[in-house]
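K.L.:
This is what each chain is made of:
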Amino acid sequence: MEFALISLLNGVTYGLLLFMLSSGLTLIFSMMSVLNFAHASFYMLGAYFAYQISGAASFWAALLLAPLLVGVLGALVERFGIRKAHRFGHVAELLFTFGLSFLAIEVVQLVWGKAAVDYRVPSTLQGTLFTLYSTSYPIYKAFMIAVSVFMLAGLYSFLTYTRIGLIIQAALSRPDMVQALGHDVPRIFTLVFAGGTALAGLAGVIGGNALVTEPGMADAVGPIVFVVVVVGGLGSLTGAFVASLLIGILQTFMVGMNYSFVDFAREIGLDIHSAPLLARLSLTQFAPVMPYLLMVAILIFRPRGLMGARET
Amino acid sequence: MKTPPLLNARRLVFWSAYLALLVLLPLAVHKGYWLSLLCQIGINTVFALSFNMLLGQTGLLSFGHAVYYGLGAFVTMHALRAINASSLHFPITLVPLVGGAAGLLFGVAFGYVTTKRAGTTFAMISLGIGEMVAASSLMFPSFFGGEGGVSSNRVVGGKGLFGITYGPQIQMYYLIAGWAFLSILAMYALTQTPLGRIANAVRDNPERAEFVGYNPRRVRFLMMMLAGFFAGIAGGLTALNYEIVTAESLSAYTSGLVIMMAFVGGIGVFFGPILGAALITVLQIVVAGATAAWPVYFGLIFLLVVLYAPGGIAGILLEQMKLWRSGELRRLWPSYLLALVPAVILVGAVIFLVEMSYALVNSSQTGSSEVRVLGFGLDAGRALTWIAGAVALAIGVALLRAAAKRIAGDRYVPPLPQGRT
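Residue numbers (my numbering), protein chains in the order written: chain A, 1 to 312; chain B, 1001 to 1421.
Since the hints were derived computationally from the structure, they do not count as laboratory data. Owing to the predicted nature of the structure, the values given are computational and were not obtained by experimental measurement. Glycine included, every Cβ here is placed at the ideal spot set by N, Cα and C.
Not the full set, but computed from the structure, chain A residues with beta-carbon under 7 Å of chain B: (1) Ala85; (2) Phe88; (3) Val91; (4) Leu95; (5) Phe102; (6) Pro223; (7) Val227; (8) Leu234; (9) Pro288; (10) Tyr292; (11) Leu299.
Assemble the whole structure, with the sequences as input and the hints as a guide.
P.N.:
And the structure:
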């Protein structure tokens, strides 16, 4: 019971972090059909910027400034890179962001070194919020949940209740019509790209110190975010939300369960002396491949993803 | 359109010349260093061409093509170990086929899932499959050999036919060259078959291909299987050549490298990846040997090709050939020469700035911000060198733009073709 509750809370925290990344990716994708391969690089940059800013000023300044900086960077990339590559089609756009992600890692290594940097949780947020049975739940994780939820509520109301949000929604499905009505659609694209990358940056700010801030962090989370988007259904925000939480919770539970098939068989009374390797692997060891297995299963049984529209 | 006969004089001449080049090249180089470089180029050529069967011919951008290459290499290595332990009798000459079979098998298994979707989704799924295989390489150390990889010996027992043991690198070179030539020929022949043509149709317009009566998913699946086969052959050759296979061969890095080779070479033309594989392999060894900043240069080259020359080197070459035939090149070459000046300034400025950045960052460890670039000694710690570099960069960009405008102005612009949209 204790294990289940704590794992659930941790899973939700991780899932919300994933959603902050996948929501930006989904928004950008459904609007411009651009799969931003460098999305996780913006997450990494957010963490590094936050490390730098919180060293010079404070964590709270970083929380505000780092995503803004990342967003500005995203806008520049869209305006001067992706828009150029757009002439040559979607493959060129995808390859452009792919090359960018490669360069980003190198630049980060050059500026901040190859080892992890000491980006820490601020002292005001250290400590225990409550103790459940015997496990203490840190304040910072609750803070992460709060920031994510606040951010997502903000995103939702922005898209639903503001004028510009409605124009963005309209441009999602009918960009030509929106353009004909006199709106500057390319500028809206830049805005959405900046917003999506800023969200990734924010995820980096609050995730970088909870996990670890190192040059490998983009490659560690990037493929999983893609899996989330495929599992949820390409272009569906709701799908991305469900898939993020699903993968976050599943993976957290699996990491905590050091059971293998053989252990289970012994538990129910079977006496097994030798077993193939696959049966001896514990769930913990399976955790890193779980998202991909889930993706394969989804593709076989429901190719359009959990909530995706049918491919035309 | 009338299809030309498969064997015409031009093709015969071209392929014979290619074969002659492969046979004669090692005679021109004597050092072992260049011979192993040629071996690496041969392997990468097959790998890059197999990748282009997907991207160039079927329109499938795969971010996980190293899976088939790496798994082919691992299976070959285990076969080689079995041969060494005499539990399997198989001629070494044919061992790359084991890799091919493994690649084909995994192409069937993974391709069934990945080719369910095309376009961007396919790219994401291929990335996921690639990550899955890379992650499981840590889960099964008995097969993947953990950190150290799996190794074996390609020289098995006594002398083979004509005393060939594949011990000396030169014998290995001819084995690679032979398999590479056969594979390249087979992949070229495939582009001329109905399957190759329908793959092009599926790339350009899957809806119409389906309307004509072909199942695009099946075409993609078939091409995926065949691409897996040839990638597996490349993997098998790697296993034989290096006698060791590590998890890096199926990592995202290798998948990225093959994308780069194919794209820089040019995905629109069959021979593009051949050029790309040769160029990138040489660059990888020469540039990586000269500077620590090589990933930056690689990234910049790739981005430049994506933004300014999406046809790759092959695309540029074909364009110039067209100009040559129409006699326009005679009018253009002064402008080309003129453009060369700012291009050299620009490239030089970028190299200086990148090397200075590295020197400055490393100065805390080396204790000196002095750096030698292209024969010049510079102090990266002084502001003046940075300003000079930045000015050179700005001048280079401005002049190159002007030169590009001049070339564009000099070019004859044909009237728009009539009756086509």
